[in-house]
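*Asks:* Chains B and L supply the protein sequences, listed in that same order. Residue numbers 12 to 289, in our numbering, belong to the letters of the first sequence in order. Residue numbers 9 to 194, in our numbering, belong to the letters of the second sequence in order.
Hints listed in this document are in silico derivations from the structure and should not be mistaken for laboratory results. Some hints could be false.
Dumping the calculated DMTMM-like pairs for lysine to aspartate or glutamate here, alpha-carbon to alpha-carbon at most 25 Å [claimed, not checked]:
1) K185(B) <-> E188(L)
2) K146(L) <-> D113(B)
3) K192(L) <-> E235(B)
4) K177(B) <-> D226(B)
5) K147(L) <-> E67(B)
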Amino acid sequence: MRRVSQKEITEKVKDLCIESAYVLEEDVVKALEDAIGRERSPLGREVLKEIVRNLEIARTDLLPMCQDTGIAVFFVDMGREVMIDGSLEDAIDEGVRQGYRDGYLRKSVCHPITRENTGDNTPAIVHVSIVEGDRVTIRMAPKGAGSENMSRLRMLKPSEGVEGIKGFVVETVKEAGGNPCPPIIVGVGIGGSFEKSAILAKKALLRKIGSANPDGSIAGLERELLERINMLGIGPMGFGGTTTALAVHVETFPCHIASLPVAVNIQCHAARHKEVVI
Amino acid sequence: MKGPVRITPPLSDRDVEVLRAGDRVLITGVLYTARDQAHRRLYELIERGEELPFDIKGQIIYYVGPTPPRPGRIIGSAGPTTSGRMDIYTPKLLEMGLKATIGKGARSRAVIEAMKRYRAVYMACVGGTAALIAKTIKKVDMVCYEDLGTEAIRRLEVEDFPAIVVNDIYGGDLFVQGVERYRKVS
Numbered sequence: 012m013r014r015v016s017q018k019e020i021t022e023k024v025k026d027l028c029i030e031s032a033y034v035l036e037e038d039v040v041k042a043l044e045d046a047i048g049r050e051r052s053p054l055g056r057e058v059l060k061e062i063v064r065n066l067e068i069a070r071t072d073l074l075p076m077c078q079d080t081g082i083a084v085f086f087v088d089m090g091r092e093v094m095i096d097g098s099l100e101d102a103i104d105e106g107v108r109q110g111y112r113d114g115y116l117r118k119s120v121c122h123p124i125t126r127e128n129t130g131d132n133t134p135a136i137v138h139v140s141i142v143e144g145d146r147v148t149i150r151m152a153p154k155g156a157g158s159e160n161m162s163r164l165r166m167l168k169p170s171e172g173v174e175g176i177k178g179f180v181v182e183t184v185k186e187a188g189g190n191p192c193p194p195i196i197v198g199v200g201i202g203g204s205f206e207k208s209a210i211l212a213k214k215a216l217l218r219k220i221g222s223a224n225p226d227g228s229i230a231g232l233e234r235e236l237l238e239r240i241n242m243l244g245i246g247p248m249g250f251g252g253t254t255t256a257l258a259v260h261v262e263t264f265p266c267h268i269a270s271l272p273v274a275v276n277i278q279c280h281a282a283r284h285k286e287v288v289i
Numbered sequence: 009m010k011g012p013v014r015i016t017p018p019l020s021d022r023d024v025e026v027l028r029a030g031d032r033v034l035i036t037g038v039l040y041t042a043r044d045q046a047h048r049r050l051y052e053l054i055e056r057g058e059e060l061p062f063d064i065k066g067q068i069i070y071y072v073g074p075t076p077p078r079p080g081r082i083i084g085s086a087g088p089t090t091s092g093r094m095d096i097y098t099p100k101l102l103e104m105g106l107k108a109t110i111g112k113g114a115r116s117r118a119v120i121e122a123m124k125r126y127r128a129v130y131m132a133c134v135g136g137t138a139a140l141i142a143k144t145i146k147k148v149d150m151v152c153y154e155d156l157g158t159e160a161i162r163r164l165e166v167e168d169f170p171a172i173v174v175n176d177i178y179g180g181d182l183f184v185q186g187v188e189r190y191r192k193v194s
């Protein structure tokens with residue numbers, strides 16, 4: 012067994028929180044820059060340029076790229092030969108507490124009914140998988156509410172099939188309009204169960220932008236959905252244009268013979284995600 | 009695209025009459041911040057017939073919850089939040105003389121009708137450009153509800169704050185017009 016200390020996890024998580032708020036991953040920056048050349052609306056191009064300029068200011072002036080520094084979501088792949096000297100959840104929450112305090116990030120987590128703020132952006136949302144090996148991989152994706160609120164889950168009838176899936180995804184993006192800060196990334200989870208489809212959709216958002224699903228038919232579905240979404244005309248910030256989404260990522264999982272769960276998780280253009288391997 | 013229109017609150021009827029959906033605007037002067045919880049409290053004051061903590065006539069409310077400032081700075085990042093969550097409170101505030109709101113995303117039918125009736129506009133800024141917008145904020149004063157943290161009402165003094173008119177007083181709507189122009193499906 013390899014021992015990993017709670018303290019080390021806390022330190023790494025703290026760094027992930029801070030770095031993800033200030034510096035956007037290269038693949039997202041490149042997708043935004045490429046979109047400037049493709050966008051047909053002059054106002055849309057201006058918006059995209061402002062988004063890219065904002066990223067520069069965030070980095071150089073040490074200001075979070077978006078004031079909504081999100082609820083902290085983690086996917087942890089825990090090697091089965093790893094032993095932690097304490098609780099993984101506690102270690103992550105402490106990292107979030109320190110990162111959001113020392114990184115001057117907004118504390119956006121509250122009681123669901125009283126709306127009283129917890130004051131330190133905890134608790135984090137943590138998804139854990141046990142995998143082979145002696146490493147711990149922690150992927151963090153802070154999620155803002157503007158795009159999260161526009162996400163949807165529907166239990167389709169199996170007879171609605173792939174056409175039903177396409178219709179639901181496009182309808183969700185259309186209804187979202189300018190609210191989720193387009194250009195967006197669309198994560199789609201098809202199959203599994205009620206909650207599995209939602210987790211698949213969220214995980215799909217962590218893929219590199221434009222990376223295709225290894226299954227050719229699903230990759231074809233991704234391309235078709237992206238094309239249809241960009242024909243909606245919503246455009247950057249909903250002001251009208253040809254760049255509504257930068258990518259559509261679809262993940263699938265077998266499901267019950269009587270169900271067809273489909274979850275659509277929408278991600279704003281500040282698609283923050285960072286990974287660390289311990 | 010025509011150049012930006014410069015405005016300075018408090019706004020008169022005349023100031024908003026010249027604005028059209030799609031116009032780019034640069035604001036210099038005072039903005040009041042308020043979002044979910046602050047609106048709830050303002051609304052409770054109105055229901056009890058009490059006075060608001062600031063004179064709302066001719067003013068602009070900016071829907072924002074900034075990040076905390078670093079030491080030596082006045083504010084952190086400060087981009088717009090989704091305006092639709094404030095829709096249920098907005099018509100009453102417009103009736104009381106509020107002249108403009110700033111956020112992101114579309115407004116409800118009721119808010120759009122109230123803007124026509126009370127001669128007010130809705131503007132959006134580019135969501136997620138919170139660092140860029142923060143640079144236009146020159147002074148920050150706490151007005152009230154400090155216990156709400158990021159959701160407190162603050163008085164911002166801004167210089168060349170960039171926004172785009174979405175809804176004008178004539179029924180013009182940038183979201184509807186812009187999308188129609190580039191839509192390729194029914």
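*Asks:* Against the structure, test the hints numbered earlier, and report the numbers of the ones violated in rising order.
*Replies:* Hints that this structure does not satisfy do not exist here, as all of them hold.
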